[in-house]
Structures are given as structure tokens and as C-alpha cells.
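There are 2 protein chains.
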Amino acid sequence: MTNILLVGSGGVGTIAALNLEAGGLASVTAVLRSNYNKVTTDGFHIKSVDHGEITHWRPSKILNKIPHSEKHFDYIVVTTKNIADASPTTAELISPAITPGKTVIVLIQNGLNIEKPVFEKFPQNVVLSGVSRVDSHEIATGVIEQVDHDRLIIGAFANPNPNGDGIDADAEAAARHFVQIYSAAGKTDCRYIPAAEVPFYRWQKLVYNACMNTICAITGLDTGRIQLAGDVVESLVRPAMNEIVAAAAAVGVRLPGDIVDRMISIDPVTAYLRPSMLEDVGRGNLTEFENILGEPLREGTARGMSMPTATFLYHTLKAIQWRVKEEKGMITIPSKSV
Amino acid sequence: MTNILLVGSGGVGTIAALNLEAGGLASVTAVLRSNYNKVTTDGFHIKSVDHGEITHWRPSKILNKIPHSEKHFDYIVVTTKNIADASPTTAELISPAITPGKTVIVLIQNGLNIEKPVFEKFPQNVVLSGVSRVDSHEIATGVIEQVDHDRLIIGAFANPNPNGDGIDADAEAAARHFVQIYSAAGKTDCRYIPAAEVPFYRWQKLVYNACMNTICAITGLDTGRIQLAGDVVESLVRPAMNEIVAAAAAVGVRLPGDIVDRMISIDPVTAYLRPSMLEDVGRGNLTEFENILGEPLREGTARGMSMPTATFLYHTLKAIQWRVKEEKGMITIPSKSV
Numbered sequence: 001m002t003n004i005l006l007v008g009s010g011g012v013g014t015i016a017a018l019n020l021e022a023g024g025l026a027s028v029t030a031v032l033r034s035n036y037n038k039v040t041t042d043g044f045h046i047k048s049v050d051h052g053e054i055t056h057w058r059p060s061k062i063l064n065k066i067p068h069s070e071k072h073f074d075y076i077v078v079t080t081k082n083i084a085d086a087s088p089t090t091a092e093l094i095s096p097a098i099t100p101g102k103t104v105i106v107l108i109q110n111g112l113n114i115e116k117p118v119f120e121k122f123p124q125n126v127v128l129s130g131v132s133r134v135d136s137h138e139i140a141t142g143v144i145e146q147v148d149h150d151r152l153i154i155g156a157f158a159n160p161n162p163n164g165d166g167i168d169a170d171a172e173a174a175a176r177h178f179v180q181i182y183s184a185a186g187k188t189d190c191r192y193i194p195a196a197e198v199p200f201y202r203w204q205k206l207v208y209n210a211c212m213n214t215i216c217a218i219t220g221l222d223t224g225r226i227q228l229a230g231d232v233v234e235s236l237v238r239p240a241m242n243e244i245v246a247a248a249a250a251v252g253v254r255l256p257g258d259i260v261d262r263m264i265s266i267d268p269v270t271a272y273l274r275p276s277m278l279e280d281v282g283r284g285n286l287t288e289f290e291n292i293l294g295e296p297l298r299e300g301t302a303r304g305m306s307m308p309t310a311t312f313l314y315h316t317l318k319a320i321q322w323r324v325k326e327e328k329g330m331i332t333i334p335s336k337s338v
Numbered sequence: 001m002t003n004i005l006l007v008g009s010g011g012v013g014t015i016a017a018l019n020l021e022a023g024g025l026a027s028v029t030a031v032l033r034s035n036y037n038k039v040t041t042d043g044f045h046i047k048s049v050d051h052g053e054i055t056h057w058r059p060s061k062i063l064n065k066i067p068h069s070e071k072h073f074d075y076i077v078v079t080t081k082n083i084a085d086a087s088p089t090t091a092e093l094i095s096p097a098i099t100p101g102k103t104v105i106v107l108i109q110n111g112l113n114i115e116k117p118v119f120e121k122f123p124q125n126v127v128l129s130g131v132s133r134v135d136s137h138e139i140a141t142g143v144i145e146q147v148d149h150d151r152l153i154i155g156a157f158a159n160p161n162p163n164g165d166g167i168d169a170d171a172e173a174a175a176r177h178f179v180q181i182y183s184a185a186g187k188t189d190c191r192y193i194p195a196a197e198v199p200f201y202r203w204q205k206l207v208y209n210a211c212m213n214t215i216c217a218i219t220g221l222d223t224g225r226i227q228l229a230g231d232v233v234e235s236l237v238r239p240a241m242n243e244i245v246a247a248a249a250a251v252g253v254r255l256p257g258d259i260v261d262r263m264i265s266i267d268p269v270t271a272y273l274r275p276s277m278l279e280d281v282g283r284g285n286l287t288e289f290e291n292i293l294g295e296p297l298r299e300g301t302a303r304g305m306s307m308p309t310a311t312f313l314y315h316t317l318k319a320i321q322w323r324v325k326e327e328k329g330m331i332t333i334p335s336k337s338v
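Residue numbers (full-length UniProt numbering), protein chains in the order written: chain A, 1 to 338; chain B, 1 to 338.
Heads up, some of the hints might be wrong.
Subject to a maximum C-alpha distance of 30 Å in a straight line, what follows is the list of computed DSBU-like cross-link-like pairs (lysine-lysine) [to be verified]:
(1) LYS121/A with LYS187/A
(2) LYS336/B with LYS205/A
(3) LYS336/B with LYS81/A
(4) LYS336/A with LYS81/B
(5) LYS336/A with LYS336/B
(6) LYS336/A with LYS47/B
(7) LYS71/A with LYS38/A
(8) LYS65/B with LYS102/B
(9) LYS102/B with LYS336/A
Treat the hints as calculated values from the structure; they're not laboratory data.
Model the full assembly from the supplied sequences, consistent with the hints where possible.
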């Protein structure tokens with residue numbers, strides 16, 4: 001039985017926990033935050049296109065904080081938001097539960113270069129990339145609604161540390177093993193990819209996330225209204241997506257030629273989807289803009305790419321992030337005096 | 001006695017009405033909207049750095065809609081917001097009260113090219129530009145607080161119509177006469193400028209309004225926080241202001257060399273001023289973005305200027321305006337179907 005610690009049990013994490021346990025190969029300990037009391041009492045109520053309706057479901061164990069590594073976890077799966085510019089970072093958050101050189105860290109999170117601070121802190125551990133396409137949300141405390149099939153792409157991140165293991169057999173084996181556990185119940189589309197293909201899948205998803213999510217967040221429009229609102233697609237979305245595609249090419253990732261058109265029209269207009277970044281800004285939450293947009297922007301501009309639209313979006317989101325931090329009391333300013 | 005119709009009796013308009021009547025040379029008929037009932041009953045309560053505290057003040061006459069021109073007005077002073085992309089436009093709004101070829105139209109409004117649709121509709125009338133620096137707000141219905149001195153710059157707009165009068169003696173005389181009436185009580189700084197200088201003063205104010213107001217509106221930051229929030233000034237405000245200065249130069253308006261630095265630091269940080277465009281976006285109101293930003297952008301880009309920051313700000317505000325229109329029911333979209 002593989003011991004797995006799950007950090008972040010919202011829409012994506014809870015479905016991951018369910019999949020990991022459904023095949024009978026893993027025991028999941030889940031760290032819950034806002035829904036801890038509710039789930040301890042009643043369990044999760046899950047409505048899933050893959051699993052049907054399940055009530056009173058709980059993973060093997062529930063905790064309300066990250067445990068210390070006295071108990072060894074084979075894998076730590078992280079599905080929290082990744083706010084690079086606020087504490088605790090993902091690396092800090094999971095730190096107590098990591099067995100150095102042993103625990104495999106699975107980051108089912110969006111954005112680029114998210115593995116770097118983790119490798120920095122744990123240079124001897126394997127870190128896996130999870131690119132998820134599940135459309136699953138916690139619609140009320142402890143109530144999870146998964147409206148689209150779970151599609152998860154798993155591969156090893158290359159370890160950049162001179163003392164690390166690079167891309168090696170251990171990391172590939174850990175990725176394959178994780179996919180085996182996740183897929184054992186036969187209800188999901190969880191796919192292994194070689195480490196060399198990880199950047200492709202992360203950049204591919206960024207074409208959408210770095211542009212659509214950010215522009216929705218800044219304008220307050222959902223994905224349907226973005227397409228209906230006059231020239232927003234042509235004036236903002238398409239230029240931004242073209243810049244991300246160019247940045248990907250600059251780092252050696254060649255995305256399909258039709259990717260921009262495909263990403264622009266990937267959501268049916270009348271679905272009126274609200275990307276989580278839009279929800280976050282509306283609710284006064286911090287956003288993942290540094291990993292979603294800042295990192296691809298830095299990768300591209302460092303290689304001489306001109307990325308004016310992405311630059312503007314980035315600075316706007318950085319200003320909004322500052323405002324949210326100040327509203328949350330994370331930044332103190334002089335008092336009003338005029 | 002000069003007959004003046006005032007359209008828009010909020011913070012700016014009410015102080016204008018007070019100044020116009022204080023000198024005893026004009027009789028003001030004010031068109032009120034949201035504060036009509038309150039002011040009819042109790043009058044205005046005005047706290048003014050120029051006039052002191054005045055209670056139960058009313059202009060000579062109060063109306064709740066634009067009157068027809070059976071009664072002739074020598075001047076119509078417009079202090080409403082100027083939303084170019086929504087009906088009624090300023091020209092449509094004031095139309096019933098205009099005596100063609102006679103009534104002098106005074107636009108105390110922000111933005112560029114605001115006179116063009118007015119000249120189009122009334123090619124034989126004089127149109128005056130009012131650039132106001134008053135810091136006055138309606139802090140509650142019928143309660144006006146003016147915290148900074150009234151400084152108003154009046155000059156004639158050049159009439160672009162082949163059948164119009166161009167810049168002529170009549171227009172200059174009308175501007176001088178208006179300044180005389182407005183200044184008669186000796187409590188304000190109301191200044192006449194020749195028509196040739198009007199573009200300078202309008203562009204000069206735009207350096208601030210087209211950039212600071214728009215960036216505050218998009219980021220949700222006030223003018224103090226804009227300066228405190230890391231690199232917002234250098235990444236957004238300064239580039240945008242430089243572009244407006246370049247656009248002004250392209251149309252032949254040479255602004256002072258230090259104008260960008262001056263505009264960036266014109267407000268004390270700890271005043272934490274909230275530009276009206278920021279308030280408007282926060283309250284779900286339409287904004288004047290077309291005249292404040294769209295027009296200077298079009299003037300500059302039509303002359304080959306590169307204005308990337310202004311372009312992004314413009315498209316972002318255009319998207320936000322579309323959202324507000326849709327929220328207000330001015331735009332209908334297909335219903336949700338997925």
C-alpha cells in the first residue's frame with residue numbers, strides 16, 4: 001500500500017484523492033483547511049461524471065495541518081494554489097512532511113518553474129509535474145462537483161541541481177508508478193509522459209491560462225463574455241497568446257500551429273466559465289499570477305522576445321496583487337493625512 | 001442679467017452655479033437629477049474652501065429635466081460626465097435647450113474632442129472649453145464638499161465646421177464674458193485663455209487623467225497606493241504618460257518637459273485620492289474612457305505614434321465598459337446553455 005499525503009482538498013484535490021484510493025493501491029491522508037470540520041463530521045459529498053454521486057466519503061485519514069515526517073509518505077500530492085509571492089510558498093508549506101531524498105513530490109498545479117523552489121529546498125527528491133484538465137469545484141463546504149472527465153498528465157520534472165538526480169530512471173519510475181496507482185480504478189484518463197515532454201504540456205496549458213485567466217481577471221469578464229465583447233479577443237487575448245507561443249518557441253518548446261485559435265474557442269461561449277483567477281480577484285484573494293504569467297514572461301523576455309501585451313497584463317496583475325495584500329494586512333502603508 | 005442653464009449639479013456643477021450667481025451678474029437655472037427632491041425641499045448644503053459653509057442654498061431656478069428652448073439661455077454650462085459611447089450623448093442631452101446660433105455652450109468636462117459632436121449638431125453656436133481643477137464632491141445627496149480652491153480655465157473651442165465661425169471675435173468675447181460673470185464675486189481663480197491655447201490645457205490635464213485615472217480604475221488602487229505599490233508608476237503610469245505627451249507633440253501641442261514627473265507626484269501620497277473613474281468602475285457605472293483615453297490614443301496613433309501602454313489600457317477599459325453595459329441591460333447576450 002502506497003502512502004500518499006494530499007495537500008489541498010478542494011475541487012481538484014478531492015477528486016485526486018478519490019481516484020488514488022479507488023484503485024485500492026494507495027492510502028491517502030488528506031490535509032484539509034476550510035472544510036476540515038465539515039468533512040470530519042459528514043464526509044465529502046461528491047457529484048462526479050467519473051464516479052457518480054457519493055455521499056459521506058472520506059479519504060483514509062484526515063488532518064487539519066501538514067504532519068511531520070516521522071510518518072513517511074511515499075508521495076506528497078499538492079493541489080493547492082501556488083502563490084509564489086506570498087508565504088508560505090509551496091516548498092515551505094510541504095516542508096515538514098518531506099523525507100529528504102525519498103518522498104516523491106507531485107505538483108498538480110498550474111504555471112511554469114513551479115518545481116524550481118521545491119528542487120532548491122529538496123535537491124535529492126523526485127518532483128513530478130501534474131497537468132490537470134479536470135473541471136471540478138467545491139461548490140459548498142465539503143461538496144465537490146466534477147462536471148468534466150478527469151484528465152491528468154504526469155511526468156517527471158528535470159532536476160536542475162548539480163547534486164540532484166537530473167532526469168533519471170528513479171524519477172521516470174516514480175511517475176509511472178503514480179500513474180498506475182491513479183489509474184487503477186479505470187475511471188480516469190491519467191497519462192504518463194517522459195520528462196522531456198513535460199515543458200510542452202505545461203506551456204501548452206499556459207497559452208490558455210496566462211492569457212484567458214488573466215484577461216478575465218482584469219476585465220471582470222467570463223470566458224463567454226470575453227468572446228462576445230467586441231474586439232477583446234483580437235485586441236488582448238490573441239496578442240497575449242501569440243506572445244506566450246513565441247516565448248515557448250524561444251525556450252525550445254514548439255507548440256502546434258493552430259494552438260491559439262484552438263485555445264480561443266476551446267470553451268463554448270454560452271458556458272460562461274469563470275476562471276479561478278477571475279473568482280479570486282472578485283473575492284479579494286491572492287492569485288497565482290507569478291507562475292501563470294510572470295514566469296513565461298520572464299522566460300521569453302530573457303531571450304529577447306517582445307511581449308508587450310503579457311508585460312502589461314503582468315504589471316496590472318502585480319498591482320492588483322499588491323492591493324489585495326494591503327487589503328489583507330500583509331502590507332502596511334502610511335495613514336491618511338490630508 | 002445673463003441667463004444660464006446648468007446641466008449637472010454635482011460637486012463641480014453646484015460650485016459653478018454658486019460662483020456664477022455670487023457675483024450678481026447671472027441667473028442660473030439648474031437641471032438636477034438624483035438630488036432634485038432633496039434640493040427642492042432643503043436646498044444644497046455646501047462646505048466650500050472658497051465660500052465657507054452655506055445651508056439651504058438654491059440656484060435661481062431648479063428643474064428636473066432639460067427645458068425646451070422657448071426660454072432662451074445665453075449660456076448652457078455642462079458639468080455632467082461625458083460618456084461618448086452611450087445615449088444620450090452630451091450633444092443629444094442639451095439639444096432641446098439650445099437656441100441655434102445663439103446659446104453659448106460651455107463644456108466643463110474632461111477629455112479630448114468633446115466639442116466635435118456638439119459642433120456637428122450646432123455648427124453655428126459658440127462652444128467654450130472649461131478645464132476645472134476644483135476638488136469638489138457630492139458627499140451625500142445635496143451635500144457638496146469643496147476641499148480645494150476652484151480653478152477654472154475658460155477658452156473658446158475652434159469651430160471645425162466650414163459653415164461655423166472658426167475662432168472669431170464672437171467666441172473670444174463669449175469666453176471673456178463668461179469669465180467675467182464667473183469671477184465677479186472675486187472668490188475663484190477663473191481665467192480666460194485665447195482659443196489657440198485651449199488644446200494645451202486640455203492635453204496637459206489629459207497627461208494625468210488619461211493615465212492616472214485609468215490605471216487607478218483598472219487596478220483598484222487610489223493615487224496614493226499607486227505610488228506606494230512597487231513599480232506601478234514605472235511600469236504603467238510613466239510609460240502611459242510619456243505616450244500621451246508624445247501624442248500631444250504629434251498634434252502640435254508641446255507640453256512642459258517636466259510634466260510627467262510633475263503629474264506623477266502632484267497628489268500627496270497620503271491623500272489617497274480616488275479618481276472618479278475608479279469610483280465609477282467600483283460602483284458599476286459607465287466611464288468617460290473614450291474621451292479621456294480613446295481620443296488622445298486615436299490622435300497619436302493616427303499620426304504614427306507607438307502607444308502600447310495606452311492601447312492596452314484602452315482595450316481593457318473598453319472591455320470593462322462592455323461588462324458594465326451588459327450588467328446594466330444595455331447589451332443582451334445569449335443565455336447560459338452548458
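Status of each hint after checking the structure:
1. Restraint check: the Cα-Cα separation between LYS121/A and LYS187/A comes to about 35 Å, which exceeds 30 Å; the hinted pair is violated.
2. Taken as a hint, the LYS336/B and LYS205/A pair is honoured in the structure, with Cα atoms around 25 Å apart against an allowance of 30 Å.
3. Distance hint between LYS336/B and LYS81/A is fulfilled; the C-alpha atoms sit about 28 Å from each other, no more than 30 Å.
4. With a C-alpha separation of about 28 Å, the suggested pair LYS336/A and LYS81/B falls inside the 30 Å cut-off, and the hint holds.
5. For the suggested pair LYS336/A and LYS336/B, the alpha carbons sit about 45 Å apart, so the restraint of at most 30 Å is broken.
6. The straight-line distance between the Cα atoms of LYS336/A and LYS47/B is roughly 21 Å, inside the 30 Å bound, and the hint therefore holds.
7. Restraint check: the Cα-Cα separation between LYS71/A and LYS38/A comes to about 25 Å, which is no more than 30 Å; the hinted pair holds.
8. A distance of roughly 21 Å separates the Cα atoms of LYS65/B and LYS102/B; the hinted pair therefore holds under the 30 Å criterion.
9. Under the criterion of a C-alpha separation no larger than 30 Å, the hint pairing LYS102/B with LYS336/A is inconsistent with the structure, at around 48 Å.
The structure fails to meet hints 1, 5 and 9 from the earlier list, while all remaining hints are met.
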